[in-house]
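The listed protein sequences derive, respectively, from chains A and B. Sequential numbering from 5 applies to the first sequence in my numbering. Sequential numbering from 117 applies to the second sequence in my numbering.
Any given hint could be a false lead.
[To be verified] Under the rule of at most 25 Å between Cα atoms (straight-line distance), these lysine to any residue pairs were calculated in the SDA-like manner:
no.	chain 1	residue 1	chain 2	residue 2
1	B	249	A	319
2	B	332	A	52
3	B	332	A	55
4	B	185	A	249
5	B	332	A	320
6	B	249	A	239
7	A	140	B	260
8	B	410	A	144
9	A	183	B	282
10	B	332	B	362
11	B	410	A	138
12	B	410	A	239
13	B	410	B	262
14	B	155	A	320
15	B	249	B	260
16	A	140	B	205
17	A	140	A	239
18	B	185	B	167
19	B	410	A	143
20	A	183	B	180
21	B	248	B	180
It should be emphasised that the hints constitute simulated quantities derived from the structure, not laboratory data.
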Amino acid sequence: MSSDVKTSGMPDGPVPSSAAGSGDDASGRSPKENAERATKLAKAGDWSRRAPLLPALIFVIVLTQLPFVATIVVSFMNWNAYYPEERGFAGFDNFARVFTDSNTRSAVMVTILLTVLVVGISLVMGMAIALLLDRKFRGRGIVRTLMITPFLIVPVAAALLWKHALYNPEYGLFNGLLKAVFGENAPQPDWISNNPLIAIVAALVWQWTPFMMLILLAGLQSRPLDVVEAARIDGASAWQIFRTMTLPHMRQYIELSGLLGAIYVVQNFDHVFTITSGGLGTANLPYFIYQTFYTAQDYGRASAAGVVVVVGTIIIATAALRTAFSLFQEDNK
Amino acid sequence: MSTTARTSHPEPEAYFKDGARVAHPDAPRQEFNHHKSPKSHILLTLAAWLCGLLFALPVVWMIITSFHKEEDAATNPPSLFAPLSLDGYRSFFDAGPWPPLLNSLTASVVSTILVLLLAFPAAYALSIRPVKKWTDVLFFFLSTKMLPIVAGILPIYLFAQQFNLLDNIWLLIILYTSMNLPIAVWMLRSFLAEVPVEMLEAAQVDGASLTVTLRKVIAPVVMPGIAAAALICFIFSWNELLLARVLTGTVAGTAPVFLTGFVTSQGLFLAKVCAASFVVSLPVLAAGFAAQDKLVQGLSMGAVK
Numbered sequence: 005m006s007s008d009v010k011t012s013g014m015p016d017g018p019v020p021s022s023a024a025g026s027g028d029d030a031s032g033r034s035p036k037e038n039a040e041r042a043t044k045l046a047k048a049g050d051w052s053r054r055a056p057l058l059p060a061l062i063f064v065i066v067l068t069q070l071p072f073v074a075t076i077v078v079s080f081m082n083w084n085a086y087y088p089e090e091r092g093f094a095g096f097d098n099f100a101r102v103f104t105d106s107n108t109r110s111a112v113m114v115t116i117l118l119t120v121l122v123v124g125i126s127l128v129m130g131m132a133i134a135l136l137l138d139r140k141f142r143g144r145g146i147v148r149t150l151m152i153t154p155f156l157i158v159p160v161a162a163a164l165l166w167k168h169a170l171y172n173p174e175y176g177l178f179n180g181l182l183k184a185v186f187g188e189n190a191p192q193p194d195w196i197s198n199n200p201l202i203a204i205v206a207a208l209v210w211q212w213t214p215f216m217m218l219i220l221l222a223g224l225q226s227r228p229l230d231v232v233e234a235a236r237i238d239g240a241s242a243w244q245i246f247r248t249m250t251l252p253h254m255r256q257y258i259e260l261s262g263l264l265g266a267i268y269v270v271q272n273f274d275h276v277f278t279i280t281s282g283g284l285g286t287a288n289l290p291y292f293i294y295q296t297f298y299t300a301q302d303y304g305r306a307s308a309a310g311v312v313v314v315v316g317t318i319i320i321a322t323a324a325l326r327t328a329f330s331l332f333q334e335d336n337k
Numbered sequence: 117m118s119t120t121a122r123t124s125h126p127e128p129e130a131y132f133k134d135g136a137r138v139a140h141p142d143a144p145r146q147e148f149n150h151h152k153s154p155k156s157h158i159l160l161t162l163a164a165w166l167c168g169l170l171f172a173l174p175v176v177w178m179i180i181t182s183f184h185k186e187e188d189a190a191t192n193p194p195s196l197f198a199p200l201s202l203d204g205y206r207s208f209f210d211a212g213p214w215p216p217l218l219n220s221l222t223a224s225v226v227s228t229i230l231v232l233l234l235a236f237p238a239a240y241a242l243s244i245r246p247v248k249k250w251t252d253v254l255f256f257f258l259s260t261k262m263l264p265i266v267a268g269i270l271p272i273y274l275f276a277q278q279f280n281l282l283d284n285i286w287l288l289i290i291l292y293t294s295m296n297l298p299i300a301v302w303m304l305r306s307f308l309a310e311v312p313v314e315m316l317e318a319a320q321v322d323g324a325s326l327t328v329t330l331r332k333v334i335a336p337v338v339m340p341g342i343a344a345a346a347l348i349c350f351i352f353s354w355n356e357l358l359l360a361r362v363l364t365g366t367v368a369g370t371a372p373v374f375l376t377g378f379v380t381s382q383g384l385f386l387a388k389v390c391a392a393s394f395v396v397s398l399p400v401l402a403a404g405f406a407a408q409d410k411l412v413q414g415l416s417m418g419a420v421k
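All chains, please: the whole structure from these sequences, using the hints.
Right under this line is the structure:
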């Protein structure tokens, strides 16, 4: 039906390179015809083009950028709700306090440690399990379903589950299993008090490994198998195939899952809040900020810490955007 | 070739294409295991099953415990075969979870609908007839996702306090919409980019307006993408704790807020905590199991298909 579209009345003009699908050579049209079509699609006017975009764009700007600008303003103010009469301009005082305060420094360290450990361990485990699931075997569908279950538990519920049903020193599953296996004299560690940060890391790794696994598995299954087949026929070992063919293909999937995971783990609040309430040296920046403004009501200092988080996140985000961009170019080829 | 000699499948004959040795095109497209010996196949299968069971164990344990009596739930060593009981669920539902569950449902469903209504036209403007600098706009959307919620929560709190919007479900709905909108735009764009341009031309020739084109031509084609985006938005809204905890209270509190308050205010009852965690997770579990493939696409923002 598209062949009898009239293209006569259209004045010739430069073809905008952005016109979608103009390079479609499978349709059998001449380049000139295609160009005319593209022009026609582009002609409808810039405003009719922008109109569908604007509601979403304005919505996002108002609700994410404005609050952040306000946070920056407040970060330069003396503003504690408990001392309203002292409100005023503070210059860089809040930032100085953020960088000299040992609690904040500890929160920065915890955030980095938590993110690196959780994302690193989840990535390695996710990759190993994805490789296990990338084979045909009996019950693969069931195993995959079992594997993704942790990711489908509401984060607060997962944190509660780990804290009370697994870690509890008196009746948690871990110590219960120790007793069931080693008898009455089995060691009964207090998991959370002994290693509070590791306890949070373990619960988060449990929840994030399935996420890594799902994306990596999708990546593994998009491999061109005939090339792998050819390599195998030529006598390449499984390890050689993995190192020289699978890993390079998987690179962008590993980056994508790692960076998406990092964005969420940096912001983790639920687990720290539920498992330790930020105690025992486990307060990360989101929890620290929550506490500073919600409990201590120190708005200026909380805002300064918020700005610091954003600057830190921008560093990760730049890397993330670059990855997304490379995927995206792939997408547009 | 000794590793391939023991396969359970017929070895595809090697044949040459463009001077390179490749698998015979008629050979069945086997997955990655047919060069393994049966023994290592069994070992790897066992390892896979073990991983699946280990990862699911805490959830299975949660479900078992939720159906035990309190005195059987909190024993050491664990009593797996204690008599079943609905006490945990009874005391959870006695604690009045319906308003928070309904708040969660309202916030998640309404914000998901709002997200789709806003994201779908935006994705259209970024893919099919893209505006100028559309890549910049797309990356702007994505970059807002990387702005931590804590960086803006204080002004939002102060604003809500000023205008009496604290403990108001609509504030939460609006915030969840802005939280999920960037992901939805990003995902839907990658699905819309695959709509064949002929279909749009046909609609244009027939004189269809933009709304009609979006609704009647594009929407049916990208339904899987819309479903994936909706699923992800629903899950993220349902799971959210920080905003809900700071901005809501007794009236508009959501299920995650209820869960946290529930443990601290009433002391610890393990069966009840497990029942509560299971009930609150149930919608996400059901949605996630039902749409596993869409989940992958959604989580990777449509980048992985």
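Hint check:
1. B/249 with A/319: holds, 24 Å
2. B/332 with A/52: holds, 19 Å
3. B/332 with A/55: holds, 19 Å
4. B/185 with A/249: violated, 54 Å
5. B/332 with A/320: violated, 40 Å
6. B/249 with A/239: violated, 49 Å
7. A/140 with B/260: violated, 40 Å
8. B/410 with A/144: The given pair, whose Cα atoms are some 18 Å apart, holds under the 25 Å limit.
9. A/183 with B/282: violated, 48 Å
10. B/332 with B/362: Violated. Residue 332 of chain B to residue 362 of chain B sits at ~41 Å, over the 25 Å cutoff.
11. B/410 with A/138: holds, 18 Å
12. B/410 with A/239: Violated: residue 410 of chain B and residue 239 of chain A sit about 37 Å apart, past 25 Å.
13. B/410 with B/262: holds, 23 Å
14. B/155 with A/320: violated, 44 Å
15. B/249 with B/260: This hinted pair holds, its Cα atoms lying about 17 Å apart.
16. A/140 with B/205: violated, 40 Å
17. A/140 with A/239: With Cα atoms ~22 Å apart, residue 140 of chain A and residue 239 of chain A stay inside 25 Å; holds.
18. B/185 with B/167: Answer violated: residue 185 of chain B to residue 167 of chain B is near 30 Å, above 25 Å.
19. B/410 with A/143: Cα-Cα ~21 Å, so holds.
20. A/183 with B/180: holds, 19 Å
21. B/248 with B/180: violated, 56 Å
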